[in-house]
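Trainee: Below, each chain spelled out in residue letters.
Protein chains: 2
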Amino acid sequence: MQLLRTSDADFEAKFDKVVRDRRESDTNVARDVANILNEVKERGDAALVDYTARFDQHRLTSDSDWRISAEDCKTAYDALDGELRDALELAASRIRAYHESQLPEDRDYTDDIGMRLGARWLPVEAAGLYVPGGRAAYPSSLLMNAVPAKVAGVERLVVVTPTPKGESNALVLAAAHIAGVDEVWRVGGAQAVGALAYGTQRIGKVDVITGPGNAWVAEAKRQLYGVVGIDMVAGPSEILVIADKDNDPDWIAADLLSQAEHDPTSQSILITDNAPLAGMVRDSIDRALLSLPTGKTARASWDAHGLIVIVDSLEQAPALADRLAAEHAELMVADPQAMFAKLRHAGSVFLGKHTPEAVGDYVAGPNHVLPTGRRARFASGLSVLDFMKRTSFIDASDAALAAIGPAAVKLAEAEGLPAHALSISVRLNK
Amino acid sequence: MQLLRTSDADFEAKFDKVVRDRRESDTNVARDVANILNEVKERGDAALVDYTARFDQHRLTSDSDWRISAEDCKTAYDALDGELRDALELAASRIRAYHESQLPEDRDYTDDIGMRLGARWLPVEAAGLYVPGGRAAYPSSLLMNAVPAKVAGVERLVVVTPTPKGESNALVLAAAHIAGVDEVWRVGGAQAVGALAYGTQRIGKVDVITGPGNAWVAEAKRQLYGVVGIDMVAGPSEILVIADKDNDPDWIAADLLSQAEHDPTSQSILITDNAPLAGMVRDSIDRALLSLPTGKTARASWDAHGLIVIVDSLEQAPALADRLAAEHAELMVADPQAMFAKLRHAGSVFLGKHTPEAVGDYVAGPNHVLPTGRRARFASGLSVLDFMKRTSFIDASDAALAAIGPAAVKLAEAEGLPAHALSISVRLNK
Numbered sequence: 002m003q004l005l006r007t008s009d010a011d012f013e014a015k016f017d018k019v020v021r022d023r024r025e026s027d028t029n030v031a032r033d034v035a036n037i038l039n040e041v042k043e044r045g046d047a048a049l050v051d052y053t054a055r056f057d058q059h060r061l062t063s064d065s066d067w068r069i070s071a072e073d074c075k076t077a078y079d080a081l082d083g084e085l086r087d088a089l090e091l092a093a094s095r096i097r098a099y100h101e102s103q104l105p106e107d108r109d110y111t112d113d114i115g116m117r118l119g120a121r122w123l124p125v126e127a128a129g130l131y132v133p134g135g136r137a138a139y140p141s142s143l144l145m146n147a148v149p150a151k152v153a154g155v156e157r158l159v160v161v162t163p164t165p166k167g168e169s170n171a172l173v174l175a176a177a178h179i180a181g182v183d184e185v186w187r188v189g190g191a192q193a194v195g196a197l198a199y200g201t202q203r204i205g206k207v208d209v210i211t212g213p214g215n216a217w218v219a220e221a222k223r224q225l226y227g228v229v230g231i232d233m234v235a236g237p238s239e240i241l242v243i244a245d246k247d248n249d250p251d252w253i254a255a256d257l258l259s260q261a262e263h264d265p266t267s268q269s270i271l272i273t274d275n276a277p278l279a280g281m282v283r284d285s286i287d288r289a290l291l292s293l294p295t296g297k298t299a300r301a302s303w304d305a306h307g308l309i310v311i312v313d314s315l316e317q318a319p320a321l322a323d324r325l326a327a328e329h330a331e332l333m334v335a336d337p338q339a340m341f342a343k344l345r346h347a348g349s350v351f352l353g354k355h356t357p358e359a360v361g362d363y364v365a366g367p368n369h370v371l372p373t374g375r376r377a378r379f380a381s382g383l384s385v386l387d388f389m390k391r392t393s394f395i396d397a398s399d400a401a402l403a404a405i406g407p408a409a410v411k412l413a414e415a416e417g418l419p420a421h422a423l424s425i426s427v428r429l430n431k
Numbered sequence: 002m003q004l005l006r007t008s009d010a011d012f013e014a015k016f017d018k019v020v021r022d023r024r025e026s027d028t029n030v031a032r033d034v035a036n037i038l039n040e041v042k043e044r045g046d047a048a049l050v051d052y053t054a055r056f057d058q059h060r061l062t063s064d065s066d067w068r069i070s071a072e073d074c075k076t077a078y079d080a081l082d083g084e085l086r087d088a089l090e091l092a093a094s095r096i097r098a099y100h101e102s103q104l105p106e107d108r109d110y111t112d113d114i115g116m117r118l119g120a121r122w123l124p125v126e127a128a129g130l131y132v133p134g135g136r137a138a139y140p141s142s143l144l145m146n147a148v149p150a151k152v153a154g155v156e157r158l159v160v161v162t163p164t165p166k167g168e169s170n171a172l173v174l175a176a177a178h179i180a181g182v183d184e185v186w187r188v189g190g191a192q193a194v195g196a197l198a199y200g201t202q203r204i205g206k207v208d209v210i211t212g213p214g215n216a217w218v219a220e221a222k223r224q225l226y227g228v229v230g231i232d233m234v235a236g237p238s239e240i241l242v243i244a245d246k247d248n249d250p251d252w253i254a255a256d257l258l259s260q261a262e263h264d265p266t267s268q269s270i271l272i273t274d275n276a277p278l279a280g281m282v283r284d285s286i287d288r289a290l291l292s293l294p295t296g297k298t299a300r301a302s303w304d305a306h307g308l309i310v311i312v313d314s315l316e317q318a319p320a321l322a323d324r325l326a327a328e329h330a331e332l333m334v335a336d337p338q339a340m341f342a343k344l345r346h347a348g349s350v351f352l353g354k355h356t357p358e359a360v361g362d363y364v365a366g367p368n369h370v371l372p373t374g375r376r377a378r379f380a381s382g383l384s385v386l387d388f389m390k391r392t393s394f395i396d397a398s399d400a401a402l403a404a405i406g407p408a409a410v411k412l413a414e415a416e417g418l419p420a421h422a423l424s425i426s427v428r429l430n431k
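Sequence lines, in order, name chains A and B. With my numbering, letter number 102 in the first sequence gets 103, and the count goes up by one each step, no holes. With my numbering, letter number 135 in the second sequence gets 136, and the count goes up by one each step, no holes.
Keep in mind that the hints were calculated from the coordinates and are not lab data.
Facing chain B, a subset of chain A residues (Cβ under 7 angstroms, in silico):
hint	residue
1	Leu91
2	Val125
3	Asp208
4	Asp256
5	Leu352
6	Ala365
7	Ser381
8	Thr392
9	Ala409
10	Ala420
Take a look, some chain B residues computed to stay more than 10 angstroms from chain A by CB distance:
hint	residue
11	Arg24
12	Asp33
13	Ser65
14	Gly181
15	Arg203
16	Lys297
All values derive from a computational prediction rather than experimental measurement. Cβ atoms here follow ideal geometry from the backbone N, Cα and C, with glycine treated the same way.
Construct the complete structure from the given sequences, taking the supplied hints into account.
Mentor: And the structure:
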């Protein structure tokens, strides 16, 4: 953990180093992934069989080795503890409501020269969703990807997920049932992403691929960007808490740890104008780490990337926050709305002390798939728009073409594109 | 040019081959581009000086070697022929009006449990726009990229454009003046894209890079996707004309040629239920190619990739069109609106015989930067959204957290994330 004060002479250099630090593991998997994708493209299912035996110790032979049926997902759902089932249903319904209010409106209007213009939104036909196996298999993550796709109107929603040694995750299957996932395939890694993009004998190709994954999965999505649509390039995630003196240090400590427990590359940052509070937060974190079941990961993250910035005044906080462009920003200050108005770059903002980031991870409704690694400067969280595409349209009357066609002819000629000019003048001169 | 009939026994196989054909040049530039980007990242301006001398025969020494001033853009504008200036101004104002109507609305509402939720859109701070030098330097393209960025509210809009042997394009500079471009740098190629993404001593980095370019530029953007936002992976473009018998073959021929004259990899396709019309279009194209100044390129495109499909009934057209997912689709049929309703995948649709695609290239208003190479299945044309990002927000009252917090605790525990659970329960149990 690093403690910086804006009043220190070397603050700017040290803070800049934090902003620039990519916190990526330096695994270079580009060539391996390219080979895997090529194999899947060329050999289809046979390549999936080979890689799945090798990486997941799972043999793809019978239909049920390949695919988890809708009935199995239903069975997993029915077997859930009642409270947990209710919690998943609550999460799904709130995520659904938020994303329904996000659906874009078509436009269709006729302008002053009588030209009809507009844009129409439609869902993609098929979307693929990567769901990690093992420890990082989160039902909440499935809901956050699958529900927006279904709200967008995607007809065929395909999950791929590795089942190492044949083991699947009952919670994930139950969530797939709730979200109305259409197919669940027991493949993972770059090979599963390749299967979604190119299609194989068994797995039909999709138009868009979303969902979290390890370095291989992320690189596969990056390499296939353009062959299909993808949600984003994900990186190490972060939380930023901006807090004034009127806060319970234990609340702030828990929020910082909720990010740190995800991964050693996660980053938790506190900005405060109150040095005693900062000290108490630090102590609270140290105490909590002693007993936290995820303490090892959280400790590694906090030690390597944790940061407390003590500012002279909270007026300085928004500018620092914009440089961090954090995935999550909690504003635990007296007037969070006023600070939100001054803060420009963040994936999602949590206003006031009663809004811990974790409530957004599960049940608030907005998406928890958010731009990481300073990408909130230009990127947005996952939304129904990631599963839709827009077609613009133009409908010119004879008169409207006569009104603006000559200008287009002039420009086409100036650009040295005579057939463009001809396609208009042949109509004007009819 | 290939002529297919849906009634032919081998139609399906041949049409499928057309759909799958990528029409890409097989230039593999990935490694060269990676080297160039790395050099620019490491050496900044010095690398730009080297590459610009080598690729553009232009020496970057004085400030005016590096940069074209706002005054020079204004001078180019003032020197324009009056009609051309009016045409550019008309185009800019119509593009501006269309894209202003595209600006997204923020959301801010409080739901039934008293939780305030919403999303806020803001422009990115800085955008970079690649403008090719030489033949493909189109002022219309500059307007189509720059105007939406300015409508979105981008404060710093930076153009990079190669000036081979020092030569710049007066029309492009005039368009930059009209669009309010803030900086014009005389660099091009992958090195210019790298400079925009990483920043150099002279050129400040940007958040989003858009604009067309050659294979090196496209690959540079692809490799930098995630470091910055990019508009899309562009590929060879296409026009699809669906026409019934009541059409002038010369109009259709001109429209098909307007795409073919762009590049030998362009594709022009006609679907009609009228074989005699198809024959007349073919003859009209052959006649036009004899005198068209861009005939060599258009001929190469038409010969290699041109396609006429004769359908038994126009009822078959939308399904074929969806498989092609063309960048541009002209519906020259009696009821274009009815056909548009049946057609799902296209970048932009041109309704009725008085709407040639070229009117959309220049003055109609919608963007002419559109998804190519079948990507309209999942991608959309350039819009103000490409220059903006959305921040979601959550504002929970004490009561709202009490209402849904327990479900979040349950889910966090089930996912094995105790600090997530703690961050909520510590507030519930206060």
